[in-house]
Amino acid sequence: MLDSALSVFTAGRNMARLMEGLGVTVWISLASVGLSALIGIPLGLIMASPKRAAAKAIRLYLETIRVMPILVLLFLFYYSLSKVGINLTAFLVSILVFTLWGAAEMSDLVRAAVTSLPVHQKESGRALGLTEIQVSLYIVIPQAIRRLLPGVINLTTRMIKTTPFVFFINIPDLMKVGQQIVEVSGVRDYLASVWVYGFIFLIYFAICYPVSLFSRFLENRWQSG
Amino acid sequence: MEQEILIIRDLQKSFGETPVLNGVSLSVRQGEVLVIIGPSGCGKSTLLRCLNGLEPINSGEIEFDGKIITGAQANWNLVRQKIGMVFQNYELFPHLNVMENILLGPLKVQKRPKAEATEVACGWLERVGLLDRAEAYPRELSGGQKQRVAIVRALAMAPEIMLFDEVTASLDPEMVREVLDVMLSLASQGLTMLIVTHEMGFARAVADKIIFLDGGSIVESAPPDIFFANPSTERARRFLNIFEFDEDKKLGVS
Chain A
1 MLDSALSVFT AGRNMARLME GLGVTVWISL ASVGLSALIG IPLGLIMASP
51 KRAAAKAIRL YLETIRVMPI LVLLFLFYYS LSKVGINLTA FLVSILVFTL
101 WGAAEMSDLV RAAVTSLPVH QKESGRALGL TEIQVSLYIV IPQAIRRLLP
151 GVINLTTRMI KTTPFVFFIN IPDLMKVGQQ IVEVSGVRDY LASVWVYGFI
201 FLIYFAICYP VSLFSRFLEN RWQSG
Chain B
1 MEQEILIIRD LQKSFGETPV LNGVSLSVRQ GEVLVIIGPS GCGKSTLLRC
51 LNGLEPINSG EIEFDGKIIT GAQANWNLVR QKIGMVFQNY ELFPHLNVME
101 NILLGPLKVQ KRPKAEATEV ACGWLERVGL LDRAEAYPRE LSGGQKQRVA
151 IVRALAMAPE IMLFDEVTAS LDPEMVREVL DVMLSLASQG LTMLIVTHEM
201 GFARAVADKI IFLDGGSIVE SAPPDIFFAN PSTERARRFL NIFEFDEDKK
251 LGVS
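If you read the protein sequences in the order shown, they are chains A and B.
Note that our numbering has the first sequence beginning at 1, numbered continuously upward.
Note that our numbering has the second sequence beginning at 1, numbered continuously upward.
Just so you know, these hints were derived from the structure itself, not from any lab.
Treat the hints with care, since some could be wrong.
[To be verified] Okay, the calculated bits of chain B under chain A, using three or more residues with CB under 8 Å as the criterion:
1) 19-26
2) 174-188
3) 221-227
[As the list claims (entries may be wrong)] For each label pair, taking beta carbons as the anchor points, the in silico distance ranges come out as:
4) Gly41/B / Leu117/A: 24 to 32 Å
5) Leu38/A / Cys122/B: 40 to 48 Å
6) Gly41/B / Tyr209/A: 52 to 60 Å
7) Gln73/B / Arg158/A: 50 to 58 Å
8) Asp172/B / Leu92/A: 57 to 65 Å
9) Glu17/B / Val119/A: 18 to 26 Å
10) Glu119/B / Pro210/A: 23 to 31 Å
11) Arg66/A / Pro56/B: 56 to 64 Å
12) Leu38/A / Ala158/B: 43 to 51 Å
13) Glu140/B / Glu132/A: 27 to 35 Å
[Claimed, not checked] The calculated lysine-lysine pairs, modelled on DSS-like cross-linking and capped at a C-alpha distance of 25 Å, are:
14) Lys122/A / Lys111/B
15) Lys114/B / Lys51/A
16) Lys122/A / Lys114/B
17) Lys209/B / Lys122/A
Note that the Cβ used here is the ideal one computed from N, Cα and C, for glycine as well.
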């Protein structure tokens, strides 16, 4: 049995291909999370500010994206962008869609982190003679980051584990490669699917679980009171 | 007589259409302890908050150390270093430990050398019995300990006046005493203090002068012996009766 498992991974370039697939998964995740932060943080700050019209527009974007299945967005962008003359690779479409989603979620996390700070915290800083800039620097921002990070990490794992949807627009991510290997090896070895998908399961676990643990660690450490 | 350090002249303050302070005038001498009492919503907290610029005033003026501190060229960042304030809900910074909370003002605002500021902070912490908690985070402290740290944080700036805004109102009864004791000792040491409180026994013990505020005006202003024994206005008498009644009820239960 172990032989059959080993042969699935040692046959041809199977292991190398799986690792390439993992690379694609990691790339899409990293790029999407990074871009989401880059776009979502300013959006969140605008939502937290008194700019009513802008905040409403972002809120509408957020609610729209939230109720939309990621797969629908992937298909919509993948199949229709080229029809209006925008030619993006499937890889770029996936980053675009995940960023649209991630930035929306990120903006809401940032808004919550900034607005949940009690107004008295700022007053207490002012009462010490701190300038407004110092109040932001030493009191508001450090506390906002502490409130923000667990949510951001949680969003990161959610984004990583949603990336297999790119399977459907034919991106050779971990899942797609796994399926291709199963299709070929399954002919000889009826347990190939178990080995391959089990392996993929372990890889996702190995990526997401430490991230999730780290988030819990931070929450415990930064728990305010 | 000591010099007048703080003079408030005809202070008017309203929130939107609602007037909160209707022409409050009073003066505080160096080393004097004023206790401001009055029913909820009488404007006592607002009065304190106007004194260090947390609330903008509508009209009138405040003179501190011989200078007018209100008006167009008000520099509140400077004034706040000399008029310290302690809040009802402590408002320690949860991401900083006790020592970091205390040193934030001296280091960042007053730019004092760290060694010197730390020494001053340790001295104060020792006085309030919390030197061993210097590394603790606010969440690890009891309410009474938090409030004592908040007092030290304000004192570390070496203010000339301290404002106390109902600093025991959020505390469990058994922790009220430890905070009031610290304030009593500060008063006996000659610190100028303006205290808003509902602790009548404490007011009586600590005050040089009681200010009774009602409906945004000073209704009565008298030394504590006279005010508590024989208030000259009907409104003050009625207000004090409320506490008498509460007192009797507590006695009845225990």
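Which hint numbers doesn't this structure obey?
-> Violated hints (numbers, rising): 1, 2, 3, 10, 11, 15 and 17; every other hint is consistent with the structure.
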